[in-house]
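Undergrad: Which chain is which? The protein sequence lines are A and B, in order.
When you line the first sequence up against this note's numbering, it's residues 5 to 418, in that order.
When you line the second sequence up against this note's numbering, it's residues 18 to 481, in that order.
A couple of the hints might just be wrong.
Claimed, not checked - Residues from chain B that face chain A, not an exhaustive set, calculated with beta carbons under 8 Å:
#1 D241
#2 R390
#3 K412
#4 W413
#5 F416
#6 E422
#7 Y431
#8 R432
#9 A435
#10 E438
#11 V439
#12 Q441
FYI, nobody ran anything at the bench for these hints, they're computed from the structure.
C-beta: ideal position from N, C-alpha, C; glycine also.
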Amino acid sequence: MTDQATGGQAGVLARILDYANRANPYPLYAELRKTPVFRAPNGAYVVSTYRDIWALMHDPRIGVSAMSAGMGGGMGGGAGAGAGSGAAAGAPGGAPGVGGGAFIGMDPPAHDRLRRLATSHFEQTEAVRPGMLRTATGLIDRMQGKQQIDLVDEFAYPLPVSVICEQLGVPHEDEPRFHPWSEAIITALDPRPGQQDAAAQASAEMNQYMAGLVERFRVEPGQGLLSGLAAEEGLSTQEVVATGRMLLIAGHETTVNLIANGMLTLLRHPEVLERLRDEPELVVPLVEELLRYEPPVQIDPKYMTLDDVHVAEFMIPKGSRIILALAAANRDPNRFPDPDRFDPEREDNEHLGFFTGIHYCFGAGLARQEAQVALTELARRLENPRLLADPPPYRPNPTLRGPRHLPIAIDGIR
Amino acid sequence: MSPAKGVFSADGHVVVVGASLAGLRAAEALRKGGFRGRLTLVGDEPYEPYDRPPLSKQVLSGRVAPESTALPQDSGLDVEWRLGAGAVGLDLAGKRVRLADGQDVSFDRLLIATGTRARPWPNPTEAALDGVITLRGRDDAARLRRELDAGPRRVLVIGAGFTGSEIASACRSLGLAVTVTERAATPLAGALGGTIGAVAARLQRENGVDLRCGVSVTSLEGDDAGHVRRAHLDDGTTLEIDVAVVALGAQRNTEWLRGSGLGAGPRGVACDAGCRVFDMYGIVTDDVFAAGDVARSPHPLFGFEFLALEHWSNAIEQAEVAAHNMLHAESERRPYLHVPTFWSFQFGVGIKSVGVPPLGEEVVIVQGSTDERRFVAVYGHAGRTVAAVTFDQGKWLEFYLDQIERAAPFPPQYRNVAQPEVRQVLPAEFPDPVVPTEGPMIVRTGHSPTERAWTLLPARGGRA
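Use the sequences and the hints to build the structure in full.
TA: Below is the structure:
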């Protein structure tokens, strides 16, 4: 690997992080794959091929970096990269502590213990479906009479907040308070100057609210994860709140993008949208293909090496930060034939849209069902939907990538 | 890849003896590989292929009915089923398989996939008592399920291998009193060694199993109606029981090959790394192949020792290699390089393994802790990593698989997550192979393809 090549790849990484390329970073990811492992100018190692990322995510010599122990690094990606690697590469800065203290930022055994407890209080079987469908139906009903909608603000955003509030056990009447909080905190993941103060305040308010809820549940148990965890011995209120926050943010932000990217992709493939109307069962493989084709989390920067690790023909030394380019791996032609084609019936589709290994998406079961319900209902009920802007305006975050708005013209609601 | 010219694409008759997982997957692979000739599947049970792992788990706990375990089949398989009459003989020169119903089936190529059966209780009179059960097939599971439904006072499980342990686990989940006896010092000793077996012992006891190691059942006693009611142990105790499950491991179904001239015996059917069966002189045959539990083949990663693997994934992958090689000329054949893997679920813990633990002399916990029942144990032989076993840490297995394939040094020197403060290398404590235990699921069967002297039978007097 020559210096020049390194510089070239660093340039590619910088262009991926550059907002100008948010709408279609995939040609850049293809460039990135040409050097499966490269050392960014700030010392972090960027890995972009499927096989190598897969191996690293199952490698116990890789841990979660202390520098990205919070959501800001873990899921915020751009934020985590900002703290360590991305700063030099031009990534936005961090939103420290957004999900700090939650298992996403931990290694085993602490990770396993907390995650196991959370699993036992998290409902993601088919039982959640009727509630989701009710919420989705209500949101679509409200579009009645409109000729133009913003699918992000009117649907993709509010649906997951309601779903996760239900999971956490937030009383219905308090749910409206969560929408602005989550929005403010998520804005912090897009760390342009000026956004941080509002985020910090919202974050503090939400913490306080959740802590109060947890304390109440300790006395008077209720429904949902917060109450369930509150009843577990040896878990502090702070730990319960941290877990709840992480699930809210991770579960919300990614699902918004999954739904919005999904509808965008369907509108770009009208024949598939048409098929989905007549064959609702197509939604199952279709959502998997979406997770591969437009993964809501594009980069995972939260790992570091605990020892020297050989990847492909490179050696990543002990103590190095690692940036995993999941979006690049999902389009790796050595793993997925014709990777740039959206094929809702793709076989052998073991994508990295939910990661793999021990940090495999905790809420994957929930997210899958949300996306399935959302896209099926949108396909069924929106009359003649058309994209009004292609590409739509994107949110700045390169890691949790998705449209900020998705303006769509419709002829009505069925 | 299309079949090589002239090699078995349109004509010819392939007979697969054994209609379980390996046989079915081989048939599917033959069709996928382009074979258009006649394909016959011979099975001794009257059922089309079904899945066995659920029989000791979900079927016993009542979540799945025994008849709901059928394996999915590719459409367009176009198979002639010969079910309900197993093979009883092989005429190699005449290329004919003789069936139990007296009929002959001729073949151009033969795949032997007759698998294993449960080792029976050695005393036939006691074995015939009502409530004395072995578990291998669908009918066995249905029978055991009926016995458990009747609310027995106590279930005795004889042998604490994986099957025995899973049965005990199912009994506990049904709230039944259960005693497990095991000749070795711990459960799972043959598969995982005594050191890790001791963890399994604690797991059983914590879950309310009356586990008795280092003892044997000497006899089973029935009531006037011929139902088992008591078991006598060699430590002088007597147990009041209503069900006795005999879980003493498996025997290979090779008797039908006696006198056929093939290198087959109690240790299995010897074949090369391409699944081609050896004859009794160690010469490889052209038209006879073997796959699944019944096959033993040399493994290049493990010193070319012949291994017989009683694993689900082995049945599938070896069947696919056998099918490929049946259709292809020499230059296009594939070796069977599968690293053994298996899993078990018992007492709420998922146990998984890669490599060949019984090859290991030493073991070290590299991740987690045995106290918490969440750990990764790595096995070493002669300074290299040969196996890894996980309790509720299965997501790391791929890494260890890679370490085994690379013949990584043992004990491991790297730093990793959840690393114990001290990495203590312990003896693996596998029982002496001449001492019969419940039987490991990976059987090291030596270096000779035609070795037939070795048998594993309980000692006289019905000790088990």
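Undergrad: For every hint, state whether the structure bears it out.
TA: Hints, verified against the model:
no.	hint	in the structure
1	D241	violated, 49 Å
2	R390	violated, 11 Å
3	K412	holds, 5 Å
4	W413	holds, 5 Å
5	F416	holds, 5 Å
6	E422	violated, 12 Å
7	Y431	holds, 4 Å
8	R432	holds, 4 Å
9	A435	holds, 4 Å
10	E438	violated, 12 Å
11	V439	violated, 16 Å
12	Q441	violated, 18 Å
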